[in-house]
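Visitor: Sequence:
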Amino acid sequence: MNRMLDKNFELCYTGIKRHSKGKGDTYYESFSYRCIGASGRGHLQCRPKNHEVRALKGKADGDITDAGDIIGKIDDFNPDVVVHAAAIKDPDTAEKDPRMAYLVNCIGVRNVALAAQKIGAKMLYISTESVFDGEKRAPYYEYEKPNPVNVYGQTKLMGEQITMSLIKNYFIVRLPLLFGYTGKPQDNIILKKRGQN
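Counted the way full-length UniProt numbering counts, the sequence shown spans residues 1 to 197.
Everything hinted at is true.
Below are the DSS-like pairs computed for lysine-lysine, each with C-alpha atoms no more than 27 angstroms apart in a straight line:
1. K122 - K145
2. K168 - K145
3. K122 - K168
If you anchor each label on the Cβ, the simulated ranges turn out as follows:
4. D75 - K136: 33 to 43 angstroms
5. L177 - G68: 30 to 40 angstroms
6. A138 - F171: 17 to 27 angstroms
7. A138 - N78: 37 to 47 angstroms
Quick caveat, the hints were computed from the structure, so don't treat them as lab data. Positions of the beta carbon are idealized from the N, C-alpha and C atoms, including for glycine.
Whenever a hint applies, use it, and build me the whole structure from the sequences.
Guide: Listed below in structure tokens is the structure:
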């Protein structure tokens, strides 16, 4: 039976959380969730009340920028699918700290992809429409040539290329906005800039 159709396939979801120390100091923590029974819409959010969840809380428990660490963690999870959503997702932050954006959005992707490849898992890479320059007035198609105009878009495009070069079974989704059940609309920088929050 195809394990993707089995209600008990396992999913590993990676992400990153931004923290402020005050006075403009910021640090990032990466995390991973292991979900059992992650089938169907809504289950991808890995809500603790509905699923067995094993969380790695920050760099002390799992760091996507450390190849040995994240490969070991994902190997221990042994998921069927790795959903890689960890990113420096704020274009302004990426411009201010391009080294961190590269470390998380490129090296982190490589490490997660190597981990997924090692165990034969499929990988879903969450990318962005910012791989395009935004000059076109009509929707973009996936086969159109990317032309990122900022560090964020450049590093996410590199993440796509890394994913395609390392994983046989991958999916890339380019989202215009990030969303999730824990997010607050007032925290969405895109909506703030558009005056829609």
